[in-house]
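**Student:** Residue numbers (this note's numbering), protein chains in the order written: chain A, 1 to 245; chain B, 246 to 998.
Mixed in with the good hints, there may be bad ones.
List time: in silico DSS-like cross-link candidates among lysine-lysine, alpha-carbon distance up to 27 angstroms [what the hints assert, rightly or not]:
id: 1; chain 1: A; residue 1: Lys201; chain 2: B; residue 2: Lys972
id: 2; chain 1: A; residue 1: Lys123; chain 2: B; residue 2: Lys454
id: 3; chain 1: A; residue 1: Lys197; chain 2: B; residue 2: Lys981
id: 4; chain 1: B; residue 1: Lys879; chain 2: A; residue 2: Lys201
id: 5; chain 1: B; residue 1: Lys973; chain 2: A; residue 2: Lys197
id: 6; chain 1: B; residue 1: Lys879; chain 2: B; residue 2: Lys867
id: 7; chain 1: A; residue 1: Lys197; chain 2: B; residue 2: Lys967
id: 8; chain 1: A; residue 1: Lys201; chain 2: B; residue 2: Lys973
id: 9; chain 1: A; residue 1: Lys201; chain 2: B; residue 2: Lys867
id: 10; chain 1: A; residue 1: Lys201; chain 2: B; residue 2: Lys967
id: 11; chain 1: A; residue 1: Lys197; chain 2: B; residue 2: Lys867
id: 12; chain 1: B; residue 1: Lys981; chain 2: A; residue 2: Lys201
It is worth saying that the hints were derived from the structure and are not from the lab. For clarity, every value in this text was computed on a predicted model and none was experimentally measured.
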Amino acid sequence: IQKHKRLDAAIDAYYNDQATRKQDAGPSTTRINQLFDSYKDPDVDQIKVDGTIRLCEDLGSDPEDVALLALAYELKSPTPAEWDRKGWVDGWRALGADTLEGMRSAVNKLRGRTASDPVYFSKVYNHTFDYVRTPGARSLGLDTAIPFWTLLIPHGLSDGAIAHRPTDGDESMGVEEGWQNEYTDWWFEFLNARGSKGVSKDTWSMFLEFIRSIDRGFANYDEEAAWPSTIDDFVAFARERLGTS
Amino acid sequence: MPPANADLATTWAFLEEGVDHIMTKLQTGVSYTKYMSLYTVAYNYCTSSKMPTSASQDVGAPGRSGANLMGSDLYTNLIRYFVQHLRTLKDASDPLQHEPLLRYYASEWDRYTTGANYINRLFTYLNRHWVKRERDEGRKGIYPVYTLALVQWRQNFFVHIQSKQQKLAGAILRLIEQQRNGETIDQGLVKKVVDSFVSLGIDEADINKASLEIYKAHFETPFLDATEKYYKQESEAFLAENSVSDYLKKAEERLREEEDRVERYLHTTTRKLLIQKCEHVLIREHSELMWDSFQNLLDFDKDEDLQRMYALLARIPEGLEPLRKRFEDHVKNAGLAAVAKLAESEGADVDSKAYVDALLEVHTKNSETVNRSFKGEAGFVAALDKACRDFVNRNKATGTVPTRSPELLAKHTDALLRKSNKMAEDNDLEGALNRVMVLFKYLEDKDVFQQYYTTKLSKRLIHGVSASDEAEASMISKLKEACGFEYTNKLQRMFTDMSLSKDLTDQFKERMQQNHDDMDVNFSIMVLGTNFWPLNAPGNDFIVPTDIQPTYDRFQKYYQQKHSGRKLTWLWNYSKNELRTNYTNQKYILMTSSYQMAVLLQYNKHDTLSVEELLQATAIPKELLVQVLGLLTKAKVLVSDDDEQFDLNPNFKSKKIRINLNQPIKAEAKAESNDVLKTVDEDRKYVIQATIVRIMKARKTMKNQPLIQEVIQQISQRFAPKIPDIKKAIETLLEKEYIERVEGTRDTFNYVA
């Protein structure tokens, strides 16, 4: 993994160098604006659903791609399938891309970063809650929350972004000791069986903390700590399942 | 009398004769002139040497002044005299032992100290000048003449006797033991000898200060050892043959005796050590046994023994705690047993009065024990409270339902405050209410009591069955005192509503008399604040019968004029009516509910009606209507063959003129209980949330654990909040954004203003 990371960084550096060499003045605002215009809705100064679909095609990414959640965070997209001009221009400038080619590689990089950088993953993860919830709603319906968890959690687990972080700071334990992919399914099963109304913002964000801190056997969980009660109940559920299996 | 400048030999010969006379034959008397001449000779001798002459016959050490030499001579001679005098005593004492020894010692001591006193005065000059100077210069072993006499006594007589197996102290101890065995002894003799021990202690640095060295070494230590041995042996032997109760008496007596002993003939400093020793041997050594017998004493109400045991064990620091623990268990078990007995004979549905009485009896009895036998000691009070809290809230009758006790207590209180309660005197009622408060103090879920109490009170007020306003007010003020203004706020508002309603009814009547003369319906109203009364509006439709429609409209209008903007909800389900029968020979008055009234009024126009028709006319839901009809047919006001058609019974007859048809419908009672619990649950959620907000507002930032602790602490006065409920409340507040998690932490919250 270490080697892979270094390779990644080298490639990044290479591309960045090339980019700066080619355009000394940085990315061209004009070109970014032109690209915005090409996807923009004819009626309003926004990219809407149609434009988004075309954009995804051009970027070569699936609409159900974690990278798009990261991109939404970077471009300050107000709500799914909507992009404002200001966010678009500022975002792409910051990402250093003013061509489709550049954007494609930027999106690839975001995908990689989301999988490997814990801090960045947290940002995208927590942003996603506000991003996808119905305006005015306090919580996220299970039918919304579960698909996005399905998208985010395996991705975060794939390259260390949600690596197990034991509370005493001992980093050596590695991924195997912490959250398992199948636990995510247990979590969904638990939530569905419980018939809860929705997922509060607190539960959403604490769930990520929970995945990071819990050990494989759910043994280090502290019921006295300030976890949301949903997670308390889930731990009881998971412990029982571990005990029986 | 030798001349002023006589030499030592001459002088001492004169003095010695005098000294010996004083020391051995004082009883024969010494004339004043003799005494004065002795004094003068001693004085002359000491002063003569001050003159710069070579009159001195002895050659002293070089560098010393004459006065020093002269004093020294006299002093040495005195010592020689004392040694010689004491040798005689020593020889005479040698064959003596036990009491005769003590007698000899005491009488010689008397004679010796008296004589020494005189001698001391005789040599005042020597004391003031030579002795003082020597001591000031730091010479050891030089004392004023009286002290010198004591030192000599000690060295040449006392130590000698004591060296023979502590013959002297041993003799005293023997006497003391005889006294402990119940014999009479000469206490004055003991005291005299013991006092001599104290006198013989001489502080080298400051002779005016008493030193207890000799007393402690030669008497106190062996005395304490003997005491320990004696009581150890005695207590064990006593307990082998007697009961613990008897032993308690014995130990108490022994401790008192030893206190007396100190008073009578020991030095006061011995008190503490002696009593400690006795407490150790008599109490601590047997404390296990006492603790174990405690239960037995409790079981048989041995008040005096309990009192004694308490008093004894209170003397050692660790003595009472095991008693407190045992007492707590005892009370708890007594409470549980009392309720279990009740539950056994009455089944799960215990009578509230019997239940309350059973709890109270246990409390009263044990509270008396605490006050009488344990002097109301705080630790026992706490043990009693803890035990009561336990069995009052959880027992056979409550099972696992924590709200049962508050419910039963509220029910009992309701029964007390009803008119039907036949408490002969107000004092009795007041006393009974006070006893309710005794148990109330122990309730954990005071909010449940509050809810039941509110419901019961509303019933009493609406139906006018409260025994007296005074008693109601008294009970509320008791609750207020126990739980604060907030707790009784609603209750007080209910009373306010009642009195306002009375005024309102009067005013309305007056107005109607002015405006209408067709008031054939007697009307009285209660307007009750929705927030203060635990009443629910009927969930069903109801068509106001035409006979009362005008009154209904008029009041509605009157009230809206008086208080525009207020909404009136008519609680038909709580209303009552009285109907006069005109169709029967005997005129009866039927006391009915609104629904019964609505049904019966239909028969003003019809003699027979079907269920369907009644449904249409009254809009009472079928379920309810069937029950109403059931009651009316049972009372024979209506008759029916098929439960479909209902006819008015024209031949209705009753022994009473006033007939109460308004019986509660069964389902209501059960529903009431459920309502109460639901309300309590809702209230608790808000109380917890409000408490968290209040705490967070004050603290701004707080960690999860301390926050939960603080919430529990603040609320436990009203009920015992469960941790999951607190966590849920925290989540709700997070969601409502009253508080937030401090960024980067998992367990710290911020107050969001």
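**Student:** Checking one constraint from the list: CA of lysine 201 (chain A) to CA of lysine 973 (chain B), max 27 angstroms. Satisfied?
**Tutor:** Given pair lysine 201 (chain A), lysine 973 (chain B) holds - Cα atoms ~14 angstroms apart, limit 27 angstroms.
**Student:** With a cut-off of 27 angstroms on the C-alpha distance, tell me whether lysine 981 (chain B) and lysine 201 (chain A) pass.
**Tutor:** Distance of about 11 angstroms is within 27 angstroms: holds.
**Student:** Would you check the hint for lysine 879 (chain B) and lysine 867 (chain B), treating anything up to 27 angstroms between C-alpha atoms as holding?
**Tutor:** holds (18 angstroms)
**Student:** Holds or violated: lysine 201 (chain A) with lysine 967 (chain B), Cα cutoff 27 angstroms?
**Tutor:** Answer holds: lysine 201 (chain A) to lysine 967 (chain B) is near 24 angstroms, not above 27 angstroms.
**Student:** Does the alpha-carbon distance linking lysine 123 (chain A) and lysine 454 (chain B) stay inside the 27 angstroms limit?
**Tutor:** violated (85 angstroms)
**Student:** Given the proposed pairing of lysine 879 (chain B) with lysine 201 (chain A), does the C-alpha separation stay at or below 27 angstroms?
**Tutor:** violated (61 angstroms)
**Student:** Between the alpha carbons of lysine 201 (chain A) and lysine 972 (chain B), is the straight-line distance 27 angstroms or under?
**Tutor:** Distance of about 15 angstroms is within 27 angstroms: holds.
**Student:** For the pair supplied as a hint, lysine 197 (chain A) and lysine 967 (chain B), confirm whether the alpha-carbon distance does not exceed 27 angstroms.
**Tutor:** holds (23 angstroms)
**Student:** Going straight from one Cα to the other, do lysine 197 (chain A) and lysine 867 (chain B) come out at no more than 27 angstroms?
**Tutor:** Violated. Lysine 197 (chain A) to lysine 867 (chain B) sits at ~36 angstroms, over the 27 angstroms cutoff.
**Student:** Is the straight-line distance between the alpha-carbon of lysine 197 (chain A) and that of lysine 981 (chain B) 27 angstroms or less?
**Tutor:** Roughly 16 angstroms between the alpha carbons, so the hint for lysine 197 (chain A) and lysine 981 (chain B) holds.
**Student:** With the threshold set at 27 angstroms, check whether the alpha-carbon distance from lysine 973 (chain B) to lysine 197 (chain A) stays at or below it.
**Tutor:** At roughly 14 angstroms apart (the allowed maximum being 27 angstroms), lysine 197 (chain A) and lysine 973 (chain B) satisfy the hint.
**Student:** Taking only the CA atoms, is the gap from lysine 201 (chain A) to lysine 867 (chain B) under or equal to 27 angstroms?
**Tutor:** Not OK: lysine 201 (chain A) and lysine 867 (chain B) at ~47 angstroms, beyond 27 angstroms, violated.
Violated hints for the displayed structure, listed by number in ascending order: 2, 4, 9, 11.
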